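A.B. asks: Each chain, letter by letter, is given below.
2 protein chains.
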Amino acid sequence: MASIAVLGYGVVGTGIANLINKNKERFKSITGEELNISSILVKDKNKHEQKQNYHLVTDSIEKIFNNPVDIVVEVMGGLHPAYEYVKKALKLKKHVVTANKDLIAEYGEELLDIASDNGVTLNFEASVGGGIPILKPLMESLAGNKIFEIQAILNGTTNFILSKMYAENMGYKDALKLAQNLGFAEANPDSDVLGYDAARKLSILSTIAYGMKVNWVDINIEGITDIDEIDFEYAKLNGYIIKLLAISKNKDEKIYGFVKPVMIKSDSYLSKIDNELNGIVIEGDAVGNVFFSGKGAGMLPTASSVFGDIADIIQNKNKKNIKFNDKEAYIEKYWDEKSDWLVRIKTNDRLNTICNLSESFKNCHMYTSSVTQRDEVAAIIRNEPEFTLDSTFEKLSKLSYVTKIKKFMIL
Amino acid sequence: MASIAVLGYGVVGTGIANLINKNKERFKSITGEELNISSILVKDKNKHEQKQNYHLVTDSIEKIFNNPVDIVVEVMGGLHPAYEYVKKALKLKKHVVTANKDLIAEYGEELLDIASDNGVTLNFEASVGGGIPILKPLMESLAGNKIFEIQAILNGTTNFILSKMYAENMGYKDALKLAQNLGFAEANPDSDVLGYDAARKLSILSTIAYGMKVNWVDINIEGITDIDEIDFEYAKLNGYIIKLLAISKNKDEKIYGFVKPVMIKSDSYLSKIDNELNGIVIEGDAVGNVFFSGKGAGMLPTASSVFGDIADIIQNKNKKNIKFNDKEAYIEKYWDEKSDWLVRIKTNDRLNTICNLSESFKNCHMYTSSVTQRDEVAAIIRNEPEFTLDSTFEKLSKLSYVTKIKKFMIL
Chain R
1 MASIAVLGYG
11 VVGTGIANLI
21 NKNKERFKSI
31 TGEELNISSI
41 LVKDKNKHEQ
51 KQNYHLVTDS
61 IEKIFNNPVD
71 IVVEVMGGLH
81 PAYEYVKKAL
91 KLKKHVVTAN
101 KDLIAEYGEE
111 LLDIASDNGV
121 TLNFEASVGG
131 GIPILKPLME
141 SLAGNKIFEI
151 QAILNGTTNF
161 ILSKMYAENM
171 GYKDALKLAQ
181 NLGFAEANPD
191 SDVLGYDAAR
201 KLSILSTIAY
211 GMKVNWVDIN
221 IEGITDIDEI
231 DFEYAKLNGY
241 IIKLLAISKN
251 KDEKIYGFVK
261 PVMIKSDSYL
271 SKIDNELNGI
281 VIEGDAVGNV
291 FFSGKGAGML
301 PTASSVFGDI
311 ADIIQNKNKK
321 NIKFNDKEAY
331 IEKYWDEKSD
341 WLVRIKTNDR
351 LNTICNLSES
361 FKNCHMYTSS
371 VTQRDEVAAI
381 IRNEPEFTLD
391 STFEKLSKLS
401 YVTKIKKFMI
411 L
Chain H
1 MASIAVLGYG
11 VVGTGIANLI
21 NKNKERFKSI
31 TGEELNISSI
41 LVKDKNKHEQ
51 KQNYHLVTDS
61 IEKIFNNPVD
71 IVVEVMGGLH
81 PAYEYVKKAL
91 KLKKHVVTAN
101 KDLIAEYGEE
111 LLDIASDNGV
121 TLNFEASVGG
131 GIPILKPLME
141 SLAGNKIFEI
151 QAILNGTTNF
161 ILSKMYAENM
171 GYKDALKLAQ
181 NLGFAEANPD
191 SDVLGYDAAR
201 KLSILSTIAY
211 GMKVNWVDIN
221 IEGITDIDEI
231 DFEYAKLNGY
241 IIKLLAISKN
251 KDEKIYGFVK
261 PVMIKSDSYL
271 SKIDNELNGI
281 VIEGDAVGNV
291 FFSGKGAGML
301 PTASSVFGDI
311 ADIIQNKNKK
321 NIKFNDKEAY
331 IEKYWDEKSD
341 WLVRIKTNDR
351 LNTICNLSES
361 FKNCHMYTSS
371 VTQRDEVAAI
381 IRNEPEFTLD
391 STFEKLSKLS
401 YVTKIKKFMI
411 L
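If you read the sequences in order, they're chains R and H.
Per UniProt numbering, the very first residue in the first sequence carries number 1; after that it's consecutive.
Per UniProt numbering, the very first residue in the second sequence carries number 1; after that it's consecutive.
These aren't lab readings, by the way, just hints derived from the structure by calculation.
Treat the numbers as computed from the prediction; the structure is a model and nothing was measured.
One should not assume that every hint holds.
It does not matter which identical chain is meant; a pair holds if it fits inside one copy or across any two.
Unchecked claim - DSSO-like cross-link-like pairs, simulated, lysine-lysine; straight-line CA separation at most 27 Å: (1) K91 <-> K327; (2) K254 <-> K28; (3) K88 <-> K63; (4) K236 <-> K272; (5) K338 <-> K45; (6) K88 <-> K43; (7) K236 <-> K265.
My request is simple: use the sequences and hints to build the entire structure.
C.D. replies: Below is the structure:
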């Protein structure tokens, strides 16, 4: 029998308890082992009185570790005390499964080392892409590939908001409120809407894919809080959709990564990833592009990945542990490829702004459509690297008549 | 050091040899083990004189087994002698990796039992979906799910042909010839164009997903040889695309499966799977829909999956073996859900045929467009189960003026 302690009994913890109970018979018939939840850690026992497994609930981490336990499942979220508890569990030679992307992005290297030193496994499939099998396929099935690039939609909350803004012409604030009402966004949505959540997930994927430590704080991060209805009107004029993309690439062992709103063509794979879904494209030298998508969060999809991790530990007890490479990645500040861009410049002098743009860029098509606002110039600039754009815009932004510059990469 | 014998030195065998050589250093640094190709089995040594690894080439299976070898990679294809060689390897307690879907669909259960009895592993990721990681995610990452349905495009050859017929208005024969010229179709394309290849892959996926033996011969199979340009014109009129879909589902432990050309809406995931790509949607009770896509065949994508299988064996030497359940699935002859259908009836009496159709189906919309041929009636029939259609068509086909009936499910 495999004894499981669950830390956290919120939405995901409840899903896991249900899934383990549901799969008891089937799992035993496949592996010969029975899964059993021995205890569940909560902050406040009183809140869980009505729940099915109330007799297993405790508010004492000591009790958790004093019970016989083989696998600790951490689904509390947040950095502390998750970090301390997971570290303690690993040092006590308990296997750990976590769904916590903050924890892995911040302390993954250290915790994987501790796991390895103690001969136990730390699995974290659910930390990226929710229910989508992605980390294990990347680490194991695609082991023969040198990975060049990752393009992904990794945050369901922002994808939901952008989908509503696109499909129903909602403003950002209304779409955020709807997401909050439906439980897709938290009361404090900062980590999602500012792009931090996606950046943490991208750093986990990139660290594994490139075999180098890609810290999430080194990724260029831009959230979705500044996107307005006019941006979507421009996007639609061109048949584009705006998505918060998380992209990293490895070019000659230099890494470039960003999380930002990008205009993508409406016939691309990622353009079809709507609402709370996630999607990930991995490009490897042998396999070419492989695409994965599914539900990126939620009670049962997350529990599905956690269950897979538990099954993995039970079925492969002697498995070699993965480690994050401690070699720090060399991070490029700029994407060195040429792209097309959509730019919007708020200005008190349209004519001069248009002249400036025309002089600065060889291939610059000004918008003259009805979307264009009186106090702005909008243009598509083709085939320029980001660096050229940014250095030109730095000069432009110093002109007295230019008040704001906004740019979108077009992919 | 892990010693690998490769059976077959065609396109895929060459890809594997290249990938193993390329990954030597990296693999050793990750696992501490060196991969080494000890011998390569070919039919005719003279044909391979110019190849890099000619010194490893042998035409004697005895030599292969007399060399020290840990893992046998079977990429000869076909049933015989692949079956005999793989069986012998397993009995000699060699791990086996194969890319051979015919072999696994036909002899998978027996071979997995032999592997298990001999304490070795038989891996076959590349047998379905080429480079796409699908079998391992299904077996391991999604282990906590009851799988309800699989919808997939599993044959790159037919998908290429149908993509060309759709995008370039080519006839079937021209598109097949193009596929053959580009190496996407074999000189004898029967196994692909008649749907057998897709059915074998669907049977492997379904056997794993539902934990019951789904024989490929029990799957309803229809190929693409009868599809013509007019079918595509009707499809386009409605915004549909024609794809050879492989679908199975588990409803109350009864299995239904088919491979046939289906009209699908052009905004669905699978409609974006063009040319030689494969795509697979798996529906699980916890995870919901998960979607995988990528290159379904080819030298390096196949080698990518084979390499993942090899790495898996080396890193998990004590891994428990999977088995195919020997419980035969109960196979339903008919899909019991209502669908929409496009039907084309060749007839010498259009008026009477239209009357027949109108009387038989409540919701039947006749085509009156320019596509409609003089000697045929075409119609969309909504919300009818396949059984009703087939029994009506059986009667219709006996009428003297009806010469041919063709139907497409619309999904």
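A.B. asks: Given a CA cutoff of 27 Å, do K88 and K63 count as a within-copy pair, a between-copy pair, both, or neither?
C.D. replies: within (13 Å within a copy, 53 Å between copies)
A.B. asks: My question is about K91 and K327: at a cut-off of 27 Å on alpha-carbon distance, are they close within one copy, between copies, both, or neither?
C.D. replies: Within one copy, since 24 Å is at most 27 Å while 44 Å is not.
A.B. asks: Classify it for me, K254 with K28: is the Cα-Cα distance of at most 27 Å met within a copy, between copies, both or neither?
C.D. replies: Answer is between; shortest inter-copy Cα gap is 23 Å, intra-copy 47 Å.
A.B. asks: Is it within, between, both, or neither for K236 and K272, if the alpha carbons may be no more than 27 Å apart?
C.D. replies: both (15 Å within a copy, 20 Å between copies)
A.B. asks: Can you tell me if K338 and K45 fall within 27 Å by alpha carbon in one copy, between copies, both or neither?
C.D. replies: So K338 and K45 fail the 27 Å test inside a copy (56 Å) and across (49 Å) alike.
A.B. asks: Checking an output row: K88 and K43, CA cutoff 27 Å. Within, between, both or neither?
C.D. replies: within (18 Å within a copy, 58 Å between copies)
A.B. asks: One pair to classify: K236 and K265, alpha carbons no more than 27 Å apart. Within, between, both, or neither?
C.D. replies: both (10 Å within a copy, 22 Å between copies)
Hint 5 from the earlier list is the only one contradicted by this structure; the remaining hints agree with it.
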